[in-house]
Amino acid sequence: MNHFFTVEGILYFGAISLSIIGLFGLLVSKNLFRLLLSLVLFEAGANLVLVLSGFIRNGIAPIFLDGNSGAVMNDPVPQALVLTAIVIGVGVQALALSLIFRVKKHYGSMDMRTIRSKLEREIAENAGVTPPGSNEAPAPVKLIEGENS
Amino acid sequence: MNALHLMAELIFMPLIAFIVGMMMVLMMRKISARLQRRIGPPFFQPLYDIVKLYGKDTQISHGLIHDIGIIMAVGGYIGAEILLPVPGMEGIAAKGGVITLSYFLMIPSLGMALGVGQCANPNGSIGISRALTAMLAYDIPFILVVFGAAWHYQSTSLIGMIEYQQVHQWGIVEMPLLAIAGLFALQGMLGKQPFEIYIAPAEIATGPMVEMSGKYMGGLFVMQTFQLYTAGVLYASLFLGGGTSFLTLLPKAFLVVALPMSIAFMFPRYKTEDVIRILWKWPVMLGLISLAFIL
Amino acid sequence: MTKYSALLFISGLVFLLMVITGLLPIFSDSHTPMLVGKAILEGAKDQVGAANVVTSVVLGYRGLDTLGELSILFAAASVVGLVLTKSSFNKAASANNDKHDHHDSGFVAVNAIDLIFPLLLVVGMYIITHGHLTPGGGFQGGVVLAVAFSMLVIVRPRRASINHGMVSIIESFAGVSFILIGVIALFKGQSFLQPLLSHGEFGSLWSAGTLPLLYLAVGLKVGAELAGLLLALNSDEVVD
Amino acid sequence: MNSLVLLMVLPLFAAFIIPVVAKFSSKLALFTGPVVLCINLLLIMSAWVKVGSGAHAIFLGGFLPPVGIVFYIDHFSLLFSGLIASMVLIVWPWDAKESRLYSLYMLLSAASFGLALSADLFNLYVFYELLAVATYGIIAKQKNSSATAASLRYLFISSAGSVMLLLGIAIIYTLTGTLNIAHLATMTENLHGFAGLSAFALIAIGAGVKAEMFPVNSWVAEVYGTIPRQLSALLAGLISKLAVVLIIKMLLMVFQVQAAFDLLLVVGMLGVISGEMVAWRAKDMIRMLSFSSIAHLGVLFIALSIGGSKGLWLAIAIMLHHLLVKGGLFLMADRFSGHFDKLKGLAHHSPMSAAVFLVFILSLLGVPPLPGFWIKMALVMNLAELGGGLYYLAIGVILLATIIETAYMFNLVQTMYLKADADSTPLNKRYSASYTFAKLFALLLLVSMVFVSPISKRLKDIANHSANPQIYIHTVLPARYLGEKS
Amino acid sequence: MTLLDHLFIVVFSCLIAISVVRNLPIVDKLAPVLYGLILIMLVRMASVAYGGDAYLSSFSLDLLGFKMHWQFTALSWYFAIITLVAALASAVFMSGDWGRQYREGGGNYGMLQLALIVNVFSMILLLGSGDLLSLFIGWEFVSWASFLMMVLSPSKLAKKSAVKYIVYAMTGAMALMVAIVMIYAVNDSLEFEQISIVFAQMSGSSQVALVLLLFVAFAIKMGLLPFHLWQAVAYAETPGPGAAFLGAISSRMGMFTIVLVIVQFIGLGGLKSVGTSFANMQTLLAWVAALTTIIPTYIALQQHDAKRLLAWHGVGQGGYMLLGIIMFDSIGSAGGLMHVLNHASYQAALFMTVVAVMYRTGTSDLNKLGGLVTQMPLTFLVMLIGIIGLAGLPPMNGFVSKWLVYRSLLVNGQPLLFVAAVLGTLGTILSVYKLIHNTFLGQLRLEHQNVREVPWSMLVPMLGLSVIVFITGFMPGLILPWIASVQESVGLPVIAHHLGGIEYAKGGLDMIWVSGILFYGFGVGALIFYFLGGKSKRVHQYDNYAGGHFLTSDVRYHYSNNFYPGLMHLIGTWYRGSFQWLENSIVSVMSFFSVFFENIYRAKQPVMLLLIGVVLALLALYRNLGVGA
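Residue numbers (the numbering used here), protein chains in the order written: chain A, 190 to 338; chain B, 127 to 421; chain C, 5 to 244; chain D, 8 to 493; chain E, 58 to 686.
Keep in mind the hints are simulated off the structure, nothing from the lab. One should not assume that every hint holds.
[To be verified] The list that follows gives simulated cross-link-like pairs (lysine-lysine, DSS-like), each with its CA atoms no further than 25 Å apart:
hint, chain 1, residue 1, chain 2, residue 2
1, E, K661, D, K290
2, A, K307, A, K293
3, A, K219, E, K592
4, E, K213, D, K290
5, E, K213, B, K178
6, D, K446, D, K317
7, D, K426, E, K213
8, E, K661, B, K178
9, A, K293, E, K661
10, B, K182, E, K594
11, D, K150, A, K293
12, A, K307, D, K317
[Claimed, not checked] Restraint-style ranges between C-beta atoms, simulated for each label pair:
hint, chain 1, residue 1, chain 2, residue 2, range
13, B, F419, E, P538, 36 to 46 Å
14, B, L385, E, A336, 18 to 28 Å
15, D, M52, C, E205, 39 to 49 Å
16, D, M52, C, N167, 35 to 45 Å
17, A, G248, E, G683, 51 to 61 Å
18, E, V646, D, M52, 45 to 55 Å
We put the CB at the ideal spot given by N, CA and C, even for glycine.
Please put together the full structure from these sequences, using the hints given.
Below you can see the structure in the form of structure tokens.
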């Protein structure tokens with residue numbers, strides 16, 4: 190695996206590391222805002238991977254200027270894609286942020302786990318049942334209560 | 127087989143059975159008396175008993191089913207006894223095999239159960255519950271014995287079995303264990319010691335016979351004669367080679383009734399569940415061992 | 005527990021991604037196949053006429069993606085407006101004024117923003133209008149515009165406020181005009197979003213047909229949406 | 008034919024102008040959406056006739072593929088477009104006040120149309136994201152704040168899925184240098200290695216978040232538990248299928264290999280068994296329906312794993328059936344939600360709704376002669392023809408699931424038919440529009456029972472046509488790309 | 058248009074007609090007429106039961122590439138005629154007074170009528186199936202039709218047990234589907250003939266799987282061990298005549314399919330070839346049958362509800378049918394097949410008597426009845442005939458079929474099976490005596506003093522059925538030609554028969570003689586009883602000797618509770634409910650997995666699931682494909 194020590198290899202390694210850091214943050218963070226930041230990192234890493242697919246060593250930006258007619262240009266498509274992907278990411282993150290505000294306001298907490306258990310309880314209350322996994326009502330689950338025979 | 131012959135068989139066979147059966151009752155009572163160091167009843171005592179019971183003034187009936195029960199009890203044994211092949215009268219026996227016969231033997235129990243049930247006396251019902259349980263107990267070894275015999279003789283017809291035994295050897299020689307099991311089962315079927323709890327002859331007031339007065343009791347006495355006769359002849363046909371004439375058949379039948387009786391009179395009475403336990407243990411075991419040899 | 009299993013699986017993922025990367029043709033001499041890329045680099049000059057090939061791709065070849073992304077921004081802005089229930093910006097601002105004694109930021113910030121604001125506007129407009137020639141374009145310029153306006157509001161919340169109605173009209177207008185430009189082509193019997201008008205002189209401002217117009221729409225829309233988003237988030241943040 | 012792009016453009020246009028229109032007349036804004044959808048329905052119908060048995064490609068911006076974005080139009084995509092238009096019409100928020108919500112619904116339908124029509128990988132991603140954002144918004148908009156929390160949790164998992172999807176696209180682009188699905192279909196050998204297939208796995212699981220695929224569907228119960236039932240009907244009935252459409256496009260055109268099939272098969276089986284198991288324990292209608300929905304999406308993945316036109320026609324049939332049944336059930340659930348015990352005596356209260364409910368679940372269980380039976384039969388037979396351990400296992404799993412389903416569904420039914428307690432009122436509402444639609448769905452189901460043969464023939468035709476990469480390639484790609492196999 | 062088409066059309070029209078008029082009073086008159094009409098249609102097809110060719114339907118369906126067609130063989134006809142007679146009897150029984158009472162009690166009478174005709178329709182559909190697919194569809198129809206009838210009862214227990222039934226039935230249907238799939242996968246054909254062709258081609262383990270799957274499917278319907286738990290409660294809780302109909306014939310559809318599929322197309326050779334010579338499939342099935350005769354019978358012995366007692370016997374009697382047919386010889390299979398008809402006749406009659414008793418007294422609890430013989434003598438007579446049939450005593454028809462089964466076991470040298478069968482019979486005698494004793498004999502309860510005989514609309518079907526029970530017992534030769542045609546059509550050795558029974562070397566059976574002898578015996582007994590001795594005197598029931606007690610109406614003095622204490626002391630400890638335990642543990646295991654999956658779905662951090670999913674998927678691909686260039 191020698192080629193990991195080329196420019197491309199290092200770039201790819203960096204991009205993957207970035208998204209992995211983000212992913213790890215998504216897994217272990219409890220705070221909603223941190224989760225959002227982790228998501229940002231995760232996306233950034235993926236965007237880097239995407240833009241790297243158009244990378245050519247010694248290539249130049251794909252803009253026709255007077256002096257560069259002979260030079261090798263980088264692939265313009267991934268750049269355009271990433272542009273789109275970034276904006277999409279921004280939209281989603283803004284949306285997430287607004288949701289976080291509201292959730293914080295409602296639950297008074299930023300802890301994902303607290304929110305999850307409260308949410309579960311609320312759903313169960315709405316539906317008029319005991320929340321799953323609660324110890325309060327260990328009703329024996331039986332297929333059908335048959336009688337002894 | 128012409129009609130006359132048939133008529134003769136149908137009329138005479140119950141008659142013979144009745145007479146032989148009464149002699150068996152007498153013999154039984156004599157044996158028990160001798161074992162108890164008594165003299166025992168006179169020769170016609172069984173007949174006297176029946177006549178006396180039929181002659182009673184008070185004949186209490188609890189309804190039609192009460193009567194029908196007695197009729198079924200007697201009739202079932204008469205039917206069974208007709209199906210038995212006896213010398214010179216084998217014509218009807220060919221119409222049904224040993225399986226039919228063993229089913230016929232269950233009908234009297236059911237009949238009696240119906241009759242007693244109609245009496246609305248709980249003591250009677252208790253007795254019936256015991257009787258039917260006992261039937262469950264003795265029929266298992268009995269059916270094993272029947273199966274073994276039928277398999278061995280390769281026939282379900284008693285006539286075929288007797289023919290086989292007369293050509294070859296007696297069944298008791300070829301299948302001694304099965305024959306012993308058969309004796310056990312027979313004892314249970316007859317309701318004699320030590321399996322007599324469901325008849326409870328000694329405590330008639332609390333047994334199944336509690337509501338049987340007069341000719342109802344007399345009917346049961348008649349039934350007993352047929353029962354003894356049927357059991358004796360059946361066993362003789364199964365294991366003792368039947369008989370070419372009454373002279374050879376009847377001693378075997380008497381022996382079948384007498385021998386176990388004289389041994390079993392020594393024993394005390396078993397409780398119902400013990401009856402099942404005993405009868406499902408020893409005779410069944412014997413029967414199975416013997417089947418292992420036969421098959 | 006979670007951490008350890010996360011570590012375990014993440015290391016697995018890293019390994020697998022490494023293996024996949026190793027299989028990619030990027031390391032071979034031929035680089036990526038770049039099929040589409042080559043075709044575009046060859047044809048962009050004639051087909052679209054924008055000097056910036058990325059712009060050709062964004063607005064020409066993949067104009068629909070851009071429309072989609074604008075829609076996403078629009079959707080996000082709508083949702084933010086819906087979710088933050090004190091969403092009417094002006095009302096939020098006035099409510100804030102009532103609750104807290106809302107000061108302008110300090111002297112430095114106020115003066116700086118007064119200074120920078122027109123500059124930012126100019127830069128933003130420049131980036132937008134030259135998107136087809138140089139790096140940059142509607143998105144980038146739109147962001148600059150949005151930052152300019154939202155900074156103004158943040159720094160001087162009392163004096164400056166953005167009219168919610170105005171913002172929504174701008175964003176609607178921009179989105180509608182983007183679509184209309186695309187649809188005009190459709191009515192002329194061509195495809196949706198087909199570049200119209202003459203390509204003009206290659207490399208000049210008035211070139212590349214309708215691309216600059218589209219970028220203008222994009223810039224306006226992005227600017228309006230982002231400004232709206234930022235302000236909405238800002239206003240609610242103070243409330244809670 | 009080019010005007011079919013209006014399917015996607017018109018709702019978008021409407022979404023943009025609705026906020027402005029609403030400033031002048033909120034009534035007008037309310038009616039803009041339905042009008043647009045009706046126009047779309049007309050467009051679809053005319054296109055259905057025009058396309059006939061063929062296929063048509065729209066080159067957006069007039070750029071020939073593979074450089075430009077292409078919309079691919081055949082009966083499969085038109086079928087889905089029709090479903091989108093009608094389904095959104097059915098759940099249109101008539102009683103909502105905010106005009107922005109109408110915009111969101113319009114964006115949602117625009118994205119759905121795009122997903123159904125587009126033949127470009129990245130474009131699909133964009134529409135997928137648009138769909139996602141619109142969905143988060145619509146969920147989060149609900150009055151109760153728990154919906155917001157559910158939406159947020161959904162957003163996290165779904166965005167992470169989207170990133171996976173993006174990674175997959177990146178890998179594919181790096182490998183092939185193109186994004187056009189038809190173009191990709193011409194160079195399958197590049198993609199059938201480990202790298203290509205892992206890209207498929209990333210795409211499938213990433214899109215699987217929306218498609219209620221097994222490990223990534225924990226949002227289902229939370230979201231369906233907090234949003235109105237009509238919306239659940241939309242999400243479970245339609246949106247989940249659209250994510251599947253994305254997977255179908257990749258699977259059938261590019262990744263017709265056993266490894267890809269196996270992947271879908273395994274997640275499908277796990278989805279079926281886990282969904283049914285959890286649904287079995289459910290104590291309220293919504294939770295039960297949510298997990299049953301997961302299970303049926305699992306069946307869909309199993310069907311897809313058959314591959315080729317057989318897999319596709321089964322998948323279409325399952326999707327249509329599930330849309331009718333689950334959509335109908337969710338629409339009905341509006342009337343009777345809550346703990347099962349509260350439903351006691353429902354059948355006496357409203358025999359009609361109990362009957363409609365029965366029709367739905369009988370079809371769901373696959374009781375002849377309802378359509379569900381024929382689908383299950385055909386699916387199982389096709390799996391058996393393929394043979395092989397995993398496929399046999401899948402048969403076992405499907406049938407086991409049916410048994411479990413019977414157990415919990417009929418526990419519920421018998422509760423419904425019990426005598427009611429004196430004071431209980433099992434029905435939440437006496438009447439609602441969605442109940443009418445549910446009845447309509449049941450009627451459709453019964454009608455389709457009569458026309459099983461022609462419908463299945465029609466679906467098979469569609470599938471034969473749509474699952475054929477050659478037709479796809481020849482329709483989309485200009486002639487000069489057909490000769491060269493990169 | 059063949060006769061079969063006519064039959065289908067007629068049945069379907071009847072279905073429509075009854076569903077239209079089901080809530081009008083006229084349905085009472087119409088329904089029996091319609092069943093009579095169907096019966097006439099069947100009689101017109103009777104040639105098939107006397108060796109004629111099978112009828113084929115003139116139409117077939119082609120759906121999704123699966124072809125379906127229908128046929129009517131001697132086997133179908135035999136089961137169909139039983140079905141229709143049972144349906145006719147039930148329809149007559151429920152028309153009139155019973156129906157009125159049911160309606161007044163809040164029952165949905167129209168639905169009951171509808172359920173009956175739906176059952177008949179689906180059974181005819183199943184019986185007429187001509188290939189595996191139509192068989193499966195008919196099978197599902199029958200299951201759901203029975204379910205429809207079971208849920209009609211308003212009681213909670215009835216509904217629960219109906220759900221339990223449908224879960225079992227679905228399990229069976231799914232097993233059948235897997236079996237069909239296994240057959241279909243080989244040759245892409247669903248014809249019946251494929252079963253034997255495919256079976257011959259299969260490997261050993263597949264053969265085992267196929268036979269077991271088919272058997273499980275059919276055994277569940279039959280209520281054979283270990284799938285017997287659903288049946289009794291479900292049937293017992295079905296409303297009156299419905300229970301009679303279901304108990305008579307519904308579960309015998311399993312027998313039909315066993316004969317049709319396993320006996321006809323897999324056959325003795327096929328069963329024997331599976332497994333070792335010592336323990337092959339035939340032995341297994343035979344033992345299942347034998348245990349089915351024993352265990353449910355002794356469960357029945359424990360019941361104290363009349364309907365449930367009968368229903369459990371219905372389960373047990375299924376064992377005899379299978380035991381007979383699985384012997385594959387002429388007498389055994391004849392016995393098994395004949396037992397279907399015999400069982401249907403007396404079971405329907407018995408259920409009807411119990412329903413009649415319930416009609417008058419309102420209860421079927423054996424501890425709350427007694428002494429009704431004086432009030433309802435005809436019902437008593439029917440029950441007496443019925444229980445003699447059920448117990449298999451001469452001269453009723455139950456004896457004939459059981460005799461044939463026993464005879465076959467004897468000929469085949471199966472002592473243990475033989476004993477098992479006898480054990481079942483003896484248990485049956487005990488328990489049916491308990492039934493008749495606790496209901497009709499003993500003391501009449503105070504509250505039943507004014508009970509009268511049931512009206513004629515209920516008596517006629519009961520008496521009709523008991524006539525069938527007796528006649529077919531007296532002259533089994535009426536039925537045996539049908540049996541012989543069935544045997545011929547499914548490829549079994551054909552039984553030699555005459556009017557009175559069978560001819561068989563080494564001991565045949567002639568029921569005319571057997572009955573004659575028995576009645577002669579009874580005649581002699583009656584002679585001895587009535588013509589000798591004095592006249593007997595009727596006394597009141599309380600005029601009893603009770604060991605010093607005075608019997609009055611204040612204290613109940615009817616021995617009914619725990620009727621066989623001695624036996625129960627001994628075998629009571631054997632009633633462990635092992636199968637119930639088994640069923641519960643399956644449910645527990647399911648619960649365990651269910652909780653497991655639920656906890657997955659409750660994951661605190663769902664992204665973790667995404668990660669795990671991705672990593673596992675990629676790893677699997679990596680292992681499958683490697684990284685080769």
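Query - Violated hints - listed by number, lowest first - result: 3, 5, 6, 8, 12, 14 and 17
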